[in-house]
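**Q** One letter stands for each residue in the lines below.
2 protein chains.
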Amino acid sequence: MSVSDNWLNKVNWTEDGLVPAIAQDADNGDVLMVAWMNREALKRTVETNEAVYWSRSRKKLWHKGEESGHVQKVKEIRLDCDEDVILLKVEQMGGISCHTGRHDCFFKKYENGQWVTTEPVLKDPAEIYRK
Amino acid sequence: MSVSDNWLNKVNWTEDGLVPAIAQDADNGDVLMVAWMNREALKRTVETNEAVYWSRSRKKLWHKGEESGHVQKVKEIRLDCDEDVILLKVEQMGGISCHTGRHDCFFKKYENGQWVTTEPVLKDPAEIYRK
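Protein sequences appear in the order of chains Z and H. Start counting at 1 in the first sequence, then tack on 976, and there's your number in my numbering. Start counting at 1 in the second sequence, then tack on 976, and there's your number in my numbering.
The shape of chain Z in the complex, shown without the other chains:
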């Protein structure tokens, strides 16, 4: 571990070596999604200026947009007071960050005892993910 990794050691990783990361639209402030990072994901995010997460389901690094083209260009990286949450300010390529084909992942709004879907599907996921 090199001296230059000190900034990575500052992060309060979970027992599983992860930290949650919020992706926020750098222009309009919309909260786009939340995913997880391990050390390598955060390091690569810094090195490439594109969001790299850790997929807990696939158990591998996930360069956001690698299949869909919906890459997130990282403009700023922030850490919170407890050093256990990352905030990325990003430019969202394609304007779609959610795997459902929507602009963002927070499309269920609480209304009178129900979660109501409020945002349209901009692109059919079957067209986004061709595999």
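What the hints contain is simulated information worked out from the structure, not anything from laboratory work. Do not take every clue at face value.
What the hints assert, rightly or not - Quick partial rundown of chain Z residues pointing at chain H, CB under 7 Å, derived from the structure: (1) L984; (2) N985; (3) W989; (4) W1012; (5) R1015; (6) V1061; (7) C1074; (8) K1084; (9) K1085.
Since the structure is predicted, the reported quantities are computational estimates derived from the model, not experimental observations. Virtual Cβ for every residue (Gly too), placed ideally from N, Cα, C.
Based on the hints, put chain H in the right spot on chain Z.
**A** Same frame as chain Z, now just chain H:
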């Protein structure tokens, strides 16, 4: 459990019965903080229109602002596609959401291999928390 609790059952609670909640400034989109909620916290948030979290350290419900006066008036509640993250759009009373006395918790910015503190302390925590 009443029928009217169906919306609570939709949430993908962790094994510990919690869900992370992001508080975002409803006016300017700033991400203020991230905390945790259990069922009761989310229910009370809906009922009172003020953010109620679950304090993992104190192991009790935490009505944000109960000591500091920095209550969060809830304007909107959203759930993400995986139903495992809550987004609150709030009006932050006192303009301070962080226990350090800053506007928000994300005041450490990554710059050239370091986390640099970028936001001023608006009020001395010793004055905020008098106990």
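**Q** Indicate, hint by hint, whether the structure satisfies it.
**A** Against the structure, the hints:
With a least beta-carbon distance of about 9 Å to chain H, the hint placing L984(Z) at the interface is violated under the 7 Å criterion. Annotation: interface hint on N985(Z) violated; nearest CB of chain H at approximately 11 Å, more than 7 Å. The closest approach between the C-beta of W989(Z) and any C-beta of chain H is roughly 15 Å, which is over the 7 Å cut-off, so the hint fails. For W1012(Z), the suggested interface contact is broken, since its CB lies about 11 Å from the closest CB of chain H, more than 7 Å.
The interface hint given for R1015(Z) is violated, since its Cβ lies 14 Å from the closest Cβ of chain H, which is over the 7 Å cut-off. For V1061(Z), the interface hint holds, the least distance from its beta-carbon to any beta-carbon of chain H being 5 Å, beneath 7 Å. Checking C1074(Z) against chain H: minimum C-beta separation of about 5 Å stays under 7 Å; hint holds. Interface restraint check for K1084(Z): the shortest CB-CB distance to chain H comes to about 4 Å, inside 7 Å, so the restraint holds.
A cut of 7 Å between beta carbons decides the hint on K1085(Z): the least distance to chain H is about 5 Å, and the hint holds.
The structure shown violates the earlier hints numbered 1, 2, 3, 4, 5.
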